[in-house]
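All chains, full assembly: derive it from the sequences and hints.
Sequence order for the protein chains is P and H.
For the first sequence, our numbering gives the first residue as 1, with consecutive numbering after it.
For the second sequence, our numbering gives the first residue as 1, with consecutive numbering after it.
Incorrect hints may appear among the rest.
What the hints assert, rightly or not - Residues on chain P that point at chain H, a partial pick, calculated with CB under 7 Å:
#, residue
1, Ile10
2, Ala136
3, Ser147
Unchecked claim - Below, a sample of chain H positions facing chain P; criterion: calculated Cβ distance under 10 Å:
#, residue
4, Val54
5, Ile56
6, Leu63
7, Gly66
8, Gln72
9, Gly120
10, Gly122
11, Glu160
12, Gly164
13, Ala167
14, Thr169
Think of the hints as simulated: they come from the structure by calculation, not from any bench.
Ideal Cβ placement from N, Cα and C applies to all residues, glycine included.
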Amino acid sequence: MTQAEPIRPIKDLSDFRLFTSACECRYSNAYLLWDRAGAIWAEFSDAYPSIRMLKADPGQTIFRLEERFEFNLRLDRFSVHSYGISASDEFAAVVEKFASIAMRQLQIESYSRIGMRPIFYRDYPDEATATEHLLALNLLRVPAQPSFGISGVPKNPRYIVHWEDKSKGCMIHVYVQRREFEPEALPFAWEGPPLKRLESTVLAVDVDYYTVASATVGQVNLREWITQAMHVIRRDASQFLEGK
Amino acid sequence: MAATSPYRSSTSSHTGSGHRHRTKVVMIDRPSWPEPDAAVSPTTRVSVGSGPQVEIEDLYPGLEAGSHELIQALSLLLAANAHVQEASNLLQEGDPIGADLAIQRLHRIFAELFNCRRLGDGFGALINALFCSLENLNGAPLNLEQVHAISRILDLIRREPYIGFAAATQHVDTLEEAGLSIDPDGFEYLADWLDGESVC
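Shown next as structure tokens:
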């Protein structure tokens, strides 16, 4: 019987995988959305014919592309989410394409806020190990137990640090998360294999990087901005993970 | 698989790829956000349209990882602005020769800036208009009004390097209003030919 290899301590962000990324852009209410939502999606589907609609309400339309990207267009913002995309180049290109169509069709002249939020995961077999590794980062000193008369491993430790200056802000959030996926009741006469409850534990690094000051459309190329934002996030988030 | 992104839209009832059955996803110990659909950051409050416009250097925080064109353009625009400022100061001090030398240095920079036109059609249109403005002078010196018109366009390009073509053409008019000719030499014949007026 082979024993599972112990998980080595965290070195830097390269020990994590990019689980999801999201880019959200906000602007003043664009009432043209009520006239042009169809035109936006028709034009975008020329570039990406395999998009499919998930939701279409007057105030919100949601489309998905190949189960990898999800686009959410609303009156005052749009967002693009990606799952399982490791290359920020591809994500940035898709976002820029969508933004160029939406901003032109909606005649939006400036963004009030642009945000990029990648979430990185590191998988663990159990919460205790994940917690141990998080505490080993020494982001906050946790004294020897018991504390407050309570013994045992701290439950769901998390660290949040937030900065903001006149033009941009950033929040980094490091936490342990237990994730559980439970299948609902199966359809009647289901003949497939039984669906099992899935559980996993991750140590997550969640970074939210955003602008505070407004930016005109002429200033912004989202492909460029996302590439640079991801570079800065990867570079600086790593410094939080070099436990000493 | 449903994600935990707080940017995420409220479509968690949809199945993941390859699954035809409905699944209920239960997240235990997920981070608490005020509402899953809304803000990027629960701590961020931005009033739409408020506040000053972001500076281009603040907007692009990692220029070392940025495109070569953007890095090059921002650097050249900085140098171009310095030459225009110098020319303006020298003209006001009554030194037209010194001002003309500064403009000649500026002329060379425009040619390099034109190499960065991949930034966008608006960028290309403005740089082309500036370049042609100096070319069409055929060696004659710029007056102060023309120097200021060029300075305003350079400020605009540096502030908004991704300006759209339509917006750029509106700003080009300010060069013409200052008495500069923005079209390349022989453009009127080409335009006539494209209009079909010269075709027999």
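Quick check: which numbered hints come out false for this structure?
Numbers 1, 2, 3, 8, 14 - these are the hints that the structure violates, sorted from lowest upward.
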